[in-house]
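Participant: Residue numbers (my numbering), protein chains in the order written: chain G, 1 to 334; chain Z, 1 to 251.
Wrong hints could be hidden among the right ones.
Heads up, simulated EDC-like pairs for lysine to aspartate or glutamate below, C-alpha to C-alpha not over 20 Å straight-line [as the list claims (entries may be wrong)]:
#  : chain 1 : residue 1 : chain 2 : residue 2
1  : G       : K27       : G       : D45
2  : G       : K84       : Z       : E27
3  : G       : K84       : G       : E192
4  : G       : K162      : G       : D45
5  : Z       : K78       : Z       : E241
6  : G       : K201      : G       : D266
7  : G       : K84       : Z       : E61
8  : G       : K162      : G       : E39
9  : G       : K27       : G       : E50
10 : G       : K322      : Z       : E36
11 : G       : K125      : G       : E137
12 : G       : K318      : Z       : E152
13 : G       : K224      : G       : D206
14 : G       : K84       : Z       : E66
15 : G       : K322      : Z       : E152
16 : G       : K300      : G       : D120
17 : G       : K224      : G       : D286
18 : G       : K84       : G       : E173
19 : G       : K125      : G       : E108
20 : G       : K322      : Z       : E153
21 : G       : K84       : Z       : E36
22 : G       : K84       : Z       : D67
23 : G       : K271      : G       : E251
24 : G       : K84       : Z       : E153
25 : G       : K84       : Z       : E248
26 : Z       : K8        : Z       : D67
27 : G       : K236      : G       : E173
28 : G       : K162      : G       : D244
29 : G       : K201      : Z       : E248
30 : G       : K307      : Z       : E36
31 : G       : K231      : G       : E39
32 : G       : K201      : Z       : E241
33 : G       : K271      : G       : D223
34 : G       : K318      : Z       : E36
35 : G       : K318      : Z       : E153
36 : G       : K307      : Z       : E27
Read the hints as simulated data drawn from the structure, not as lab findings.
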Amino acid sequence: MYGGGYIFEEPNRVQQREEQLHDDPEKLAAFEMRIANGEKIEPGDWMPAEYRRQLIRLIEQHAHSEVIGALPEGTWITRAPGFKRKLALIAKVQDEIGHGQLLYNAAETLGKSREAMINDLLSGKSKYSNVFNYPAETWADVTVIGFLIDAAAIVNQVANAKGSYGPYCRALERICYEESFHLKQGHDAFIELATGTPGQKAMLQDALNRWWQPIMHFFGPPDKVSGHSEKLMQWKVKMASNDDMRNQFLEAYVPKIRELGLTLPDPLLNKNEETGRWEYSDPDWDLFFEVIKGNGPCNKERLDVRKWAEEHGRWIRKALMKEGTFEKKAMPVA
Amino acid sequence: MLLNQLIKELITKMGDDELIIGHRNSEWTGLGPIMEEDIAFSSMAQDKIGHSWALYRILHEELGGEDPDQFAFMRSEKEFKCCHLTEMPIGSYDFSLMRHFLFDHAETVRYNSMLQSSFLPLQQLARKVRGELKYHTLHADAWIIQLCRAGEESYLKMQTALDNCFQLACGIFEAGPDDKLLADEKVYPGEEALYGQWIENIYPVLVKASLNVPERKEPVYGGRYGKHTAYLQPLLNEMGEVFRLNPEATW
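Let's have the full structure, built from the sequences with the hints guiding it.
Facilitator: This is how it looks when you write it as structure tokens:
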């Protein structure tokens, strides 16, 4: 589903910067010229070490976000009310795992294997979108995720699809296409509750109140404190600033939410007609960084599920790698 | 029992099998041993749940049954007619894979037998479902053979899974109240005939995988008459948790 807007920093950045100094200046200039001309960079092309590193980090975090993002909604597949919702939810969660697969493949073209990425996820070295460290407490939470988190992710992904790295852009194009279906389903389920019985509406309002802060966190810290993006924007790794994406999201979705008679838990949330930009209370950024560190309500639970899957699947992966046992035809995926 | 009632019973047990095994398969979403298997199990779960919806719609539209959502989400445990194989928890992947293999071959035999059914809605559904099932059994066969040829550890796991699943799987073919009448009326050939065809179909795959096929000694019956394992009620509670908050509302 979702590449959260924020690319988390890793600790060894200083050392990597040193390496970057050794990039051949002529090659670097030619590379930057290609990007300025709107060309796509492909896997075999020369690229600065820092560009490669940042892209791996970005795509890997996006892939992990898809795989971990399948979990909060996945737990509701068995409880979804009615055939229509049940089938739509399985299909959606399945798509998310599929997006993870596409993205791991895209990241692998930069030289890091899927196994290495998954190991880094499980060890906590590699991050994923914070928003998935919150629980989906009721069915209404599933509809809020399906509508608003997907919508936020689309804002981010549509921007990134115009980036400079070919394999990532192509994966994102396909992902955005599927996401637009998810958004429709999420919107439909959200409206059903918003226009339903008083009980359904109250359930939805509660969920919206719970999710508003994680949604405001979704695009990352404000531009004034999120300093490292200039080079990334020049290289078209990062395509829009956190504040711009957040503003774009608020512009498109706050009116839709309010039209349905729902409220948002921020008295300052308002569009400034003079500047044309949305104003809001600062969400708790200390909490945001605490959740990144692993102290959110569900960090442990999410990773424990992935660890279970890794441990219980080990014998199967081992058996698959066994040489000479495969039949010649390819393994069908149902 | 009247023919219509027998057809209702037949479609109910088929739909319940599909719904419950679909529910179980969907529990693998996010937990699969590799991402490709996660996707495969989710995809098959969707198909199974889709088949149960189609079967309940036949009951509703052709045989005066309830609305499919009410039928699926509101019935009591005793009213369910699924076999015990489908009710068992997912366990580990070897168990779920073996169940998938045995169940999907049984399903294929069943729908194939209905391609000429005198009850037209079943005949039409069988034609549609057949294409999907081909991929389900291809998937199951390929994995069983691969895992059985990849060394002792995985081979032993698969043999144990087969031993654990086999009597339960034989329970799929528990005779209905009057299979002879359904066969005479050419609705379908009856459970014993399906069992024979099923053994004939799975045998070559199991031989290829060097697995020893157990004998049908104590098939696990009861599900078709509303007697279930302790695992079904909690599953139904979970499935209906949201729907039952307000069964009259639309969700």
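Participant: Against each hint, give a clear statement of whether it holds in the structure.
Facilitator: Against the structure, the hints come out as follows:
1. Distance restraint check for G:K27 and G:D45: the Cα-Cα separation of roughly 11 Å lies within the 20 Å cut-off, and the hinted pair is therefore satisfied.
2. Of the pairs offered as hints, the one joining G:K84 and Z:E27 holds, with about 18 Å between alpha carbons and a cut-off of 20 Å not exceeded.
3. Distance restraint check for G:K84 and G:E192: the Cα-Cα separation of roughly 12 Å lies within the 20 Å cut-off, and the hinted pair is therefore satisfied.
4. A threshold of 20 Å between alpha carbons decides the hint, and for G:K162 with G:D45 the separation of about 18 Å falls inside it, so the pair holds.
5. A threshold of 20 Å between alpha carbons decides the hint, and for Z:K78 with Z:E241 the separation of about 18 Å falls inside it, so the pair holds.
6. Taking the CA atoms of G:K201 and G:D266, the gap is about 19 Å. The hint holds against a cut of 20 Å.
7. Restraint check for G:K84 and Z:E61: the C-alpha separation of about 17 Å stays at or below 20 Å, so the hint holds.
8. Restraint check: the Cα-Cα separation between G:K162 and G:E39 comes to about 11 Å, which is no more than 20 Å; the hinted pair holds.
9. Restraint check for G:K27 and G:E50: satisfied, since their Cα atoms lie roughly 14 Å apart, inside the 20 Å limit.
10. At roughly 17 Å between alpha-carbon atoms, G:K322 and Z:E36 fall within 20 Å of each other, so this suggested pair holds.
11. For the given pair, G:K125 sits about 28 Å from G:E137 by alpha-carbon distance, which is inconsistent with the 20 Å threshold.
12. Proximity of G:K318 to Z:E152 is assessed by CA-CA distance (about 12 Å); at most 20 Å being required, the pair is judged to hold.
13. Between the alpha carbons of G:K224 and G:D206 the distance comes to roughly 32 Å, so the proposed pair goes past 20 Å and is violated.
14. For a cut-off of 20 Å, the pair hint linking G:K84 to Z:E66 stands: about 16 Å separates their Cα positions.
15. With a CA separation close to 12 Å, the supplied pair G:K322 and Z:E152 stays within the 20 Å bound.
16. Distance hint between G:K300 and G:D120 is fulfilled; the C-alpha atoms sit about 15 Å from each other, no more than 20 Å.
17. Taken as a hint, the G:K224 and G:D286 pair is honoured in the structure, with Cα atoms around 15 Å apart against an allowance of 20 Å.
18. The straight-line distance between the Cα atoms of G:K84 and G:E173 is roughly 27 Å, outside the 20 Å bound, and the hint therefore fails.
19. With a C-alpha separation of about 18 Å, the suggested pairing of G:K125 with G:E108 holds against the 20 Å cut-off.
20. The hinted pair formed by G:K322 and Z:E153 meets the criterion: a straight-line CA distance of about 12 Å does not exceed 20 Å.
21. For the hint pairing G:K84 with Z:E36, the CA-to-CA distance comes to about 25 Å; that exceeds 20 Å, so the pair is violated.
22. Restraint check for G:K84 and Z:D67: satisfied, since their Cα atoms lie roughly 13 Å apart, inside the 20 Å limit.
23. With a C-alpha separation of about 8 Å, the suggested pair G:K271 and G:E251 falls inside the 20 Å cut-off, and the hint holds.
24. Proposed proximity of G:K84 and Z:E153 is contradicted: the alpha carbons are some 41 Å apart, above 20 Å.
25. As the CA atoms of G:K84 and Z:E248 are separated by approximately 16 Å, the hinted pair is consistent with the 20 Å bound.
26. Between the alpha carbons of Z:K8 and Z:D67 the distance comes to roughly 14 Å, so the proposed pair stays at or under 20 Å and holds.
27. Taking the CA atoms of G:K236 and G:E173, the gap is about 16 Å. The hint holds against a cut of 20 Å.
28. Annotation: proposed proximity of G:K162 to G:D244 holds, straight-line Cα distance about 16 Å (limit 20 Å).
29. Proximity of G:K201 to Z:E248 is assessed by CA-CA distance (about 15 Å); at most 20 Å being required, the pair is judged to hold.
30. Using a Cα cut-off of 20 Å, the hinted pair G:K307 and Z:E36 holds, with the two alpha carbons roughly 17 Å apart.
31. Under the criterion of a C-alpha separation no larger than 20 Å, the hint pairing G:K231 with G:E39 is consistent with the structure, at around 17 Å.
32. Distance restraint check for G:K201 and Z:E241: the Cα-Cα separation of roughly 18 Å lies within the 20 Å cut-off, and the hinted pair is therefore satisfied.
33. This hinted pair checks out: G:K271 and G:D223 have alpha carbons roughly 19 Å apart, not beyond 20 Å.
34. Taking the CA atoms of G:K318 and Z:E36, the gap is about 15 Å. The hint holds against a cut of 20 Å.
35. Distance check on the hinted pair: G:K318 and Z:E153 sit about 10 Å apart at the alpha-carbon level, within 20 Å; holds.
36. Restraint check: the Cα-Cα separation between G:K307 and Z:E27 comes to about 16 Å, which is no more than 20 Å; the hinted pair holds.
Comparing the model with each earlier hint shows violations of hints 11, 13, 18, 21, 24; every other hint is respected.
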